[in-house]
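Take a look at the letters that make up each chain.
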Amino acid sequence: MSKYLLDKFLFTVDRDPELTERYREDPVGTVRWWEAEMANTLLNSTAAEKTTWLAFSDEERRALTEQDHVTLFAMGAHPFLTLTLFIAMFERDHGPMEYQLAYARAMDHVTMPYPDIST
Amino acid sequence: MAELVAVVASTHHPFYHRASTATGADRPPFADEWVAKIERFRETLTAARPDVLVMVGSDHFHQLWLDNMPQFLVGKAPFFDANWHNEEREFGLPKMTLRGEEELAAHILRDGLDRDFDLAFSNELRIDHSITCPIITLRPEADLPIVPVYTNIFAPPMPRPQRFVQLGQALREMVESWESDKRVAVIGTGHLSLELGGPRQFGEHGPDPDFDRKAVEWIAKGDIEGCLAEVTLDSLHHPGNATHGFMDFMLMMGVAGAGQEADHVDTLDLFHTMEAYFTWYPQGDPR
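Protein chains in written order, with our numbering: chain E, 1 to 119; chain L, 1 to 287.
These are calculated hints, taken from the structure and not from any lab test. These numbers were taken from a predicted model, which means no experiment stands behind them. Just so it is clear, CB atoms sit at the ideal spot from N, CA and C, and this is done for glycine as well. There could be a bad hint or two in this list.
FRET-style restraints, in silico, Cβ to Cβ [said to hold, decoys possible]:
1. E/Asp58 with L/Pro157: 20 to 30 Å
2. E/Met112 with L/Glu179: 46 to 56 Å
3. L/Thr232 with E/Thr111: 12 to 22 Å
4. L/Thr97 with E/Asp16: 40 to 50 Å
5. E/Glu18 with L/Glu261: 46 to 56 Å
6. L/His205 with E/Ala55: 36 to 46 Å
7. E/Trp53 with L/Gly257: 47 to 57 Å
8. E/Val28 with L/Glu88: 52 to 62 Å
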C-alpha cells in the first residue's frame, strides 16, 4: 500500500490541464503510462534522478483506473486531492453542485473514524 | 519598534470572489448579504492604517508537497505570485502578484529560530487562496507588502493545537520586536467545521453547527484555555475531515492574546461552511 503514490498521482494529474483531460478520457492508458513514466520521477529534480521503488498495488491501480473515489477514500488517499481532481473532470457534466452532492452521497455508508490519510 | 495595529482572523471561502462579482441570474441569493458583511469587515482593517501585512495561511498542496513538507514556513522574497491553475479553474480566482516585506521576513526567521521555532523558509513562493482570499476581501487594492506564514493543517503528522497557539504568541513578539516604525497587521485564515471529499461535504450548513457556535465563542472571547481544553488533533476529525484548518484560528487567538475580546465579530451561515470574521485592536479601537 502506498498512500503517498496515490496522492502523487492525484497531485500531478490535477495540476497539469493536459493530463487532467487525458485521465478523464482514457483512465486505463493514463494510469498505465503514469506508473511507467511518472511514478518514480522525483518532482523537484531532473529526469535522471529517478526513484527506484515506487509502484501501485493491484487494488490501487484498479481504483485509479476505475476512477472510484469511494475506494480511494477508503484507502486513505487525501480527500482534498481526490475531490479537486474529480471536480475538474466531472463537474462539467452536471448542474450546479449536483456532482459534489452525488460524490458525497456515494459515501453515505462511511462512518467515523474515517480512514487514516497519514503518509 | 513596529506597532501591531490589528489582528484579523477569518475564514477563507474561495467562492467569495465569484459570488461577489457575479451579476444577473448568476448572482447567488446570498451574495449581497455576504458582500455587506465583507465590506464592514474590510473597514476594520482600513481603520488600522497598516503598512505591512503578515499573512498566515496554509498551502493546499500547491507548492508544498509530501516529498518535502514543512510544518511552518515563512516566505522571504521581494514578490509573491499568486493563485494556481486549479484555483482559477474551480473558483475563478485571478492571477495576482504581491510585494514582499523582506526585512520583516528576515527578522521573523531569525527571531523565530531564536525562540525555538524551527521555521522553514522559501525565497520563491507562489501563494494560494488561503492568503489571496483575505487580500481580496480585506485589501482588494493588494497594495501592501506581505510576509506569508504557512502552517501545515493539511498533511499528517501536524503540530498540535497548543503549538499553533504558541507560534501565534511568539509571532506577536516577533512583530513587536522588529526595529521599524511600520504599522503591522497580522491576518490569518482558517476554517470552522469543514468537510471536503467526505460524505458530509457541501451540506446546507457547515458539517457541525455546534462546533461552529463554540468556536466562534472561543475566538470572540479570546478563550484560549477553554478552546485548548476541548480541541485536540484527534477531536478535530469529528466536526469534519478538513477542520484541522481551525488551528490557524487558534494561532490567531495566540497573536491576539489570552482573554482578549475581539473588537469585531461577525458570522454568515452559508451552505457548506460557516463564515466567521474577527478583528482585534491591540492599540485600542481606532474607529
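Here is how each hint holds up against the structure:
Between E/Asp58 and L/Pro157 the beta carbon distance is about 29 Å. The supplied range of 20 to 30 Å therefore holds. Range check, E/Met112 to L/Glu179: Cβ separation about 50 Å, and the 46 to 56 Å hint holds. A C-beta distance of roughly 20 Å is found between L/Thr232 and E/Thr111, which places it inside the suggested range of 12 to 22 Å. At about 23 Å, the CB distance of L/Thr97 to E/Asp16 disagrees with the hint of 40 to 50 Å.
Separated by about 52 Å at the C-beta atoms, E/Glu18 and L/Glu261 satisfy the suggested range of 46 to 56 Å. Between L/His205 and E/Ala55, the C-beta spacing of about 43 Å keeps the proposed range 36 to 46 Å intact. One distance hint, 47 to 57 Å for the beta-carbon pair E/Trp53 and L/Gly257, holds here, with the actual separation near 49 Å. As the Cβ distance of E/Val28 to L/Glu88 is approximately 29 Å, the hint placing it in 52 to 62 Å is violated.
In summary, the structure is inconsistent with hints 4 and 8 from the numbered list given earlier, while agreeing with the others.
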